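Chemist: These are the residues of each chain, in order.
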Amino acid sequence: MADEFAPSWEDVAHRYGRKIYNFAYRLTGNPDDAADLVQEVLLRVRKGLSGYRPGSFEGWLWRITRNAFLDGVRRQGRRPESALPEGDHHDLGSSPSPDEVLASVRLSDDVQAALLKLPYAFREAVVLCDVVGLSYEEIADATDIPVGTVRSRIHRGRNMLRELLTWPV
Amino acid sequence: MAGVNPLSYRREELFSAFLDGELTEKEADLVVELLEADREANDEFRGIQQVRRALRLLPELEIPGWLLPDGHLGDRLSAYLDGELSTAEQRRVSDHVVACADCRGELHDLDRARTAIRSLPNVDTGQLDRVPAPTAFPRRRVAVAGSIGIAAAAALFFVLALGGDPQPAFSLDDLGSHHIARASAEPGFAVFPPVVDSSP
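Going down the list, the sequences are from chains A and B. Here the first sequence stands for residues 180 to 348, numbered as in the working numbering. Here the second sequence stands for residues 0 to 199, numbered as in the working numbering.
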């Protein structure tokens, strides 16, 4: 949907900062990288707002976010397929232990660890859909790929996660 | 189920879009048809459903407040002064300080407090034998660094100067706080207060 007005930089920070932070955290598993990305995106938004023309503001914002993320990855000279952070391995793919008391806590760690194992294109599609909450069309707009490809990536990404994760009975 | 798949993709690929409400009616009918006919497809569908639910249940993390326009740096400022932040964090803090007058002022105050505290003379440990063991006060950590340093020291000074316990018995930790509070306020202040004999 086309937006009538572009919000101010402060509005963007308050309204979308948390989403951007979560997007980056789920892609990298690293709070420092997530904070870096938020700063970089807000900086780019601040610079870019004057040139923004009414249209899909969210599409514009997520394109900036994604580009900032990929630029950051390139600058750091690493591939977006980050290694698992230390201490975040929970026997992915193996049988669950009999003691499932902490299952709910571990579950989010497991999901995060499994996410980091996905190739970037699939991880990005899944995170934009399930964490950020964008529609397929919005994801296509933000990532500049056809909707059919988005659909396929989301499904394949979830399917890979299904194979990586084992669920408590 | 054997047969030619007229689609350019596995029909199972529609499961995610089905769950996300992103299919046309015709495509959704295909999924329903498949689920009615194929048990294996049902397993895959349930698996996708679980994954989708788990992803959507991932906790939404709070963004650190200092990243927001009206957020402040808090205890990061002390860590910044002490060089205890990563390079990336240091850069973020300095960017924020440039833009935020409140944090700039706090950083300035903290820096002065830190310099004052660090310029205090060393305690002559030879005199520690004369300090009686703590009796009345519980042990406390000497909390002098960080953003509460000056406020805590000033408050302690008032308590001590305006009559706290009439028979102060200084624990080593209290001695440290006392020393810093008095030394901050009175440049000529002696390192040790007179020893009070607390024995009966």
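Hints may be right or wrong, so weigh each one.
Chain B regions said to be covered by chain A (calculated; three or more residues, Cβ under 8 Å) [stated by the list, open to error]:
hint : segment
1    : 24-37
2    : 56-62
3    : 86-97
4    : 114-121
Cβ-to-Cβ under 10 Å is the rule here; a few derived chain B residues that face chain A [as the list claims (entries may be wrong)]:
hint : residue
5    : Ala-53
6    : Trp-65
7    : Glu-83
What follows is a list of derived Cβ distance ranges for each label pair [to be verified]:
hint : chain 1 : residue 1 : chain 2 : residue 2 : range
8    : B       : Asp-69    : A       : Asp-323   : 29 to 37 Å
9    : A       : Arg-225   : B       : Asp-42    : 30 to 38 Å
10   : B       : Gly-104   : A       : Tyr-299   : 22 to 30 Å
11   : B       : Gln-49    : A       : Arg-223   : 21 to 29 Å
12   : B       : Arg-111   : A       : Glu-342   : 56 to 64 Å
13   : B       : Lys-25    : A       : Asn-209   : 23 to 31 Å
14   : B       : Val-97    : A       : His-193   : 17 to 25 Å
15   : B       : Val-31    : A       : Arg-225   : 47 to 55 Å
16   : A       : Glu-342   : B       : Leu-67    : 52 to 60 Å
17   : A       : Thr-328   : B       : Leu-67    : 33 to 41 Å
18   : A       : Gly-227   : B       : Ser-85    : 41 to 49 Å
Keep in mind that the hints were calculated from the coordinates and are not lab data. Note that this is a predicted model, so its numbers are computed, not measured. Here a beta-carbon is modelled for each residue, glycine too, at the ideal position from N, C-alpha and C.
Chemist: It remains to establish, for every hint, whether it holds in the given structure.
Modeler: Hints and how they fare:
| no. | hint | in the structure |
| --- | --- | --- |
| 1 | 24-37 | violated (count 0) |
| 2 | 56-62 | holds (count 7) |
| 3 | 86-97 | holds (count 4) |
| 4 | 114-121 | violated (count 0) |
| 5 | Ala-53 | 5 Å, holds |
| 6 | Trp-65 | 9 Å, holds |
| 7 | Glu-83 | 14 Å, violated |
| 8 | B:Asp-69 <-> A:Asp-323: 29 to 37 Å | 34 Å, holds |
| 9 | A:Arg-225 <-> B:Asp-42: 30 to 38 Å | 49 Å, violated |
| 10 | B:Gly-104 <-> A:Tyr-299: 22 to 30 Å | 43 Å, violated |
| 11 | B:Gln-49 <-> A:Arg-223: 21 to 29 Å | 37 Å, violated |
| 12 | B:Arg-111 <-> A:Glu-342: 56 to 64 Å | 59 Å, holds |
| 13 | B:Lys-25 <-> A:Asn-209: 23 to 31 Å | 43 Å, violated |
| 14 | B:Val-97 <-> A:His-193: 17 to 25 Å | 21 Å, holds |
| 15 | B:Val-31 <-> A:Arg-225: 47 to 55 Å | 48 Å, holds |
| 16 | A:Glu-342 <-> B:Leu-67: 52 to 60 Å | 39 Å, violated |
| 17 | A:Thr-328 <-> B:Leu-67: 33 to 41 Å | 35 Å, holds |
| 18 | A:Gly-227 <-> B:Ser-85: 41 to 49 Å | 28 Å, violated |
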